[in-house]
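Visitor: Read top to bottom, the protein sequences are chains A and B. If you're matching positions, the first sequence starts at 13 in this note's numbering and goes up one per residue. If you're matching positions, the second sequence starts at 2 in this note's numbering and goes up one per residue.
Careful, some of the hints might be misleading.
What the hints assert, rightly or not - Covered by chain A, per the in silico footprint, the following chain B stretches (three or more residues, Cβ under 8 Å):
1) 104–114
2) 121–129
Unchecked claim - For each label pair, taking beta carbons as the anchor points, the in silico distance ranges come out as:
3) B/Leu289 to A/Arg605: 16 to 24 Å
4) A/Val487 to B/Leu184: 56 to 64 Å
5) A/Ala631 to B/Val16: 51 to 59 Å
6) A/Gly584 to B/Val288: 31 to 39 Å
7) A/Val645 to B/Pro181: 43 to 51 Å
8) B/Gly285 to A/Tyr626: 33 to 41 Å
Since the hints were derived computationally from the structure, they do not count as laboratory data. A virtual CB, placed ideally from N, CA and C, is assigned to each residue, including glycine.
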Amino acid sequence: MSALWVIAMAAPGLALASSLTGVFATARRPVPLRFLSLPLFSLSGLAALLCGAMALANGGSATLQLPLGLPWLPWQLRLDALSGFFLVLLGALTLAVGIYGVGYVRDFERGRDQLPPLGAFSGLFLLGMELVLMADGAYLFMVAWELMTLSSYFLVAFQHDHAANRRAAFLYLLMGHVSGLCILLAFGVLASFSGSFAFAAMRAAHPDFLWASVAFALAFTGFGIKAGLVPVHAWLPEAHPAAPSHISALMSGAMLKVAVYGFLRVVFDLIGPLHWQWGVVVLTVGSLSALLGVLLALMQTDLKRLLAYSSVENLGIVFIGLGLSLIFLGTGHRLLGALALVAALYHALNHALFKGLLFMGAGAILHSAHERDLDRMGGLLRRMPWTGTFFLIGSLAISGLPPLNGFVSEWLTFQAALQTWQLHSGLLRTLIPVAAAVLALSAALAAAAFVKAYGVAFLGRARTRHVRRARQVPVSMRVGQGLLALGCVAAGVFPSPFIAWIARVPQSLLGSGLPQAGAQGWLWLTPVSPTTASYSAPGVLFALLVLAGLTAWLVHRGAVRRVRRSDAWDCGLTPPTPRMQYTATGFAQPLRRVFGAWLRVDEQVEIAGSGPRYRLQIADRSLALFYAPVVRVLDRLTRLVTRIQAGNLRVYLAWTLGTLLLLLWVVTL
Amino acid sequence: MGGDAVNAADTVLAVAQALLWPLAAPLLVGWVRKAKAMLQNRRGASVLQPARNLGKLFAKETRVAHTASPLFRVTPYIVFTATWLAAAAVPLLSTHLYTAALADVIVVAGLLGLARFFLALAGMDVGTAFGGMGASREMMVSGMAEPALLMAVFTLAMSAHSTNLSSVVDHQLTGGTLLPSMLFALGSLILVAVAETGRIPIDNPTTHLELTMIHEAMVLEYSGRHLALLEWAAQIRLLLYGTLIANVFFPWGIATTAHPAAWGIALAALAGKLLVLGAALAVGETVLAKKRLFQAPAFLSLAFLFALIGLISHVILEQGL
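Chain B extracted, bound-state conformation:
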């Protein structure tokens, strides 16, 4: 009976954790914007503003182009769901996660790939020049960022002897010291995260200048609830990468038991880590300028190279440590 009770508690917590993702995601974006505004000597909008924007979009009429196919209308749901499920497999507060066993880190990358595949297709669906441009550029960026992401997490997976993210975090908690390979993997993952979440210097989330946009160009034809879902998915993706970096490399505070107090500590620790990461992102976006599109490959091949060096230095130097 005791076992059942624990399982029931686990299940409730797992569901709560999965629900926390879409709820927390707009807050992180709000915080990054706020921090950026403060760095620019502005007061900035409230941290809740992204969430309010979503609400506003949901309350608006949705417009669909005459030339759009049914794929255009299902894409927002697929993108949102796949991103959410990918996020649910990443340990947010606790390492005890059913979903982490359901989908390991390669599946997480695969689900993000699925979302991107549909998003790029939807960009090409209406038959406008900008949609195709966004899709083409997005596939170039992701074509180089996705392998770097996989290589970076493989470095972790090899030292933890597992591709299951819960096990990786557990391994980091118990025996993980910051080895050189980890530093390379961290560097690579940060670069990938910047590229994949469409931040400066690869893409600019606030731009609507036609010729420079990537992500915005793909979602240009969307409005109303469709746009809300896509924006929300993008926010979850930012939170996902932030949590991946925070919890895998700095797993302090994450709950390993189902105790409420442990969860409280985990929530506080995660909030602290994300505040720091969000502030760092804001500083980076303030200091750097957006690069030209054809300088993005250099940025991304650096990420790929870091990841590969990390992996090779792990298998050559650190075996048996």
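This is chain A alone, in the form it adopts within the complex:
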């Protein structure tokens, strides 16, 4: 076994060990969880990071047969650039989450929660994700996929004494199963053409357009549910906030990306020739997700729900990139297809970094102030300067502002979209600019959402007493956040090396990398050619620092230096109280009026006995438009079934006999 496979096997092995050691933790004896299970968890992430990097560097693919599985369906593992990239993403996030978790799980030691499931299912969850990324056959893929889904169900249901969490977990389980079923059927279609469940055989077989499209539709539905795309996203904002925050970080940052991986593996790798029509579907769904996700994020007052809806938006942006890539590849523009794919993958990596960071920040607030509601926070920057600084970096990154990483991937996506002129179809030429407009709109609204989140939570004055008494979080939690913040800065300021690595994925998948991207040296990013577009992130940062230094120096030399602290002026009105500050609800009010038609806003002022009360409810339209009809149909069908379930044993036996006879007759045909 080569060094690559030793490390690659260490990753799931350590995850399993983390799971097993987690079982022995109790509230009285938390040591196994804190000092055994979570460090093993981090180490597993490190191993995944290393083997992913090696697989990316390798370029080619390596396979390994495991002595597990069924006799005619052995478990085979394979590492290539695509799985390598996602292993790096998963590993980096897991490493930080494991460190952060050491401090965070202290919260649960005091409570009534049972510790063993937390450690045990976290390890299994990680194991599932790692095996999905390494699987080289539909059988192992599905086993690992279900392991990931089921173990994360238990993590969502971890604090099951709240009814809302139980409901969220059930919805999550249900949607996870629908998703798993669709993926299974997609593999079924592919396997019927290849005659085998091994990916190698599926890759060799090329189904015709109709069946390929059926497989695509099934795979897109299945992976789309898991990735939280509109309109099947409703489980996501329920489930992600319900889990403990470090698991939320992993679910939003990594698990959604595993769904992206699955989509890429099936559609770009296994199905065969790509068709631009699929790209149109993906682009449309991606644009809708980006827009609705950010609008709903803007309306939330629960910080973790806000972050969850923003995941819908960011996955929408990833799928806009993938849709562009499919369109370009389907029309024979390999280089542009590779560019859009790199943009999508870069955004996936960035989202893992900043969303992981932001969920950790939300967890830090939850840990020290026991508060998730933005409208009760305020002034936390002074109480928690480290968390405040890291959260600011995350907010800037997710808002797509230079010189951080979110900007680079959005810039690349725009650059790909601006190459529309190379296409010939009028439909595509119209569609892509509209998608670019949606991307621009959602980026601007994301900035509004995060100004709101950061401004209300960290700035101003504390709105409640327990928030005013918030304390600094333990060192391990700060280190975990710091690592990801560093990642955000590095991926933003030095995009060229990152892109050179990511470009190995299209190189191995499509046979076409991005030769131009770093051709002008590491300082410059020139995705198409230097004359078309160039961006120098180190240059911009350097110029910003120099100009800021120069300004500060001149101002401090030339201007009057005295600074006096005084009360806030506020137009000279009565001294403001913390309750007079804008709340998160108030902040979003203008945009709520503008985009109200897209949402279901229920706003009422009730004049009751104890004075007027303001009530605001913002519902997700997809629940009413998409879920409710499905539920109604299912309900009606199950009612039909109850007719034959009369509760009479003899009738049941008669049904059984009838079925048996029918089956025997079918078999003898």
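Position chain B against the provided structure of chain A, taking the given hints into account.
Guide: Only chain B this time, still in chain A's reference frame:
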């Protein structure tokens, strides 16, 4: 050696061009105010008055609220620097610009976004009602104006096949005719410029009437040198939008060589164009009244629609022209 000399001259000129931005910005604001005063049958203050005001503010003591965090104190520097760098990437006098290669038009929009992000946060920092109100409204206006800006410049970028502003201006100089898509983009950009620089009918730069202000509400708690930097940044932003419109749509006179005479002509041409644009802005502000806040979205969605129509008419009608 000759090459080096040219490069040295280029560098000097690039630095000079970057320094021209903060120096020229107060003059444009002064001219707009003067023109407005003349339209109202007043004599008005000197064109230099905004610059004098800045000097006065720099000489004053700075007050910071007890409740302000460190973010409040660094914001003026970030806002000023980001706006200045964004401006430096826009061709002012010459199309030969290092900074334009450093940062293309999407980066310019991004840097302006960075400045706005911090400004809005600073508005919420002290914990007063007005600051939050300004931040909330500013994010609504920019949430709709920024995509319109990007769409408008994408129309240009698509016809020039480049998002680099120097290349766009070069393309406009050599082969650019005023196509329908350009007219839509121009219309959109003008509307965006009005909204983003806080002018009538979206915001009123001279108001301190509490309930109508947007930009002024965010900077309400600032004083002294902090306020000077923020005001200066706002002036640079006005000049930036003016130059963007002037040089991208009407690039006549802009220098394409490093010759001093060419630069002189460019300076004169730019001054002429900005005089006209500033006068037009003054006329607009005199004729129009400030709209209610909730009519701003209609204004801005018009800008967005113009930009989108421009882009689509470009990709459908004008390919290959």
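Visitor: In terms of beta carbon proximity below 8 Å, does the segment 121–129 of chain B have 3 or more residues touching chain A?
Guide: Contact hint for the segment 121–129 of chain B vs chain A: holds, 8 residues under 8 Å.
Visitor: That 56 to 64 Å hint for A/Val487 and B/Leu184 (C-beta), does it hold up?
Guide: 60 Å, holds
Visitor: A/Ala631 and B/Val16, beta-carbon distance inside 51 to 59 Å?
Guide: Hint holds: Cβ distance 56 Å, inside 51 to 59 Å.
Visitor: Within 33 to 41 Å: is that where the Cβ-Cβ distance between B/Gly285 and A/Tyr626 falls?
Guide: 39 Å, holds
Visitor: Range first: 43 to 51 Å. Now tell me if the beta carbons of A/Val645 and B/Pro181 are that far apart.
Guide: Given about 49 Å between the Cβ atoms, the range holds.
Visitor: Taking 31 to 39 Å as the hint, is the beta-carbon distance of A/Gly584 and B/Val288 inside that range?
Guide: 33 Å, holds
Visitor: Residue count check for the segment 104–114 of chain B against chain A: does it reach three with CB-CB under 8 Å?
Guide: holds (count 7)
Visitor: Return holds or violated for the Cβ distance of B/Leu289 and A/Arg605 against the range 16 to 24 Å.
Guide: 23 Å, holds
Violated hints for the displayed structure: none, as all numbered hints are satisfied.
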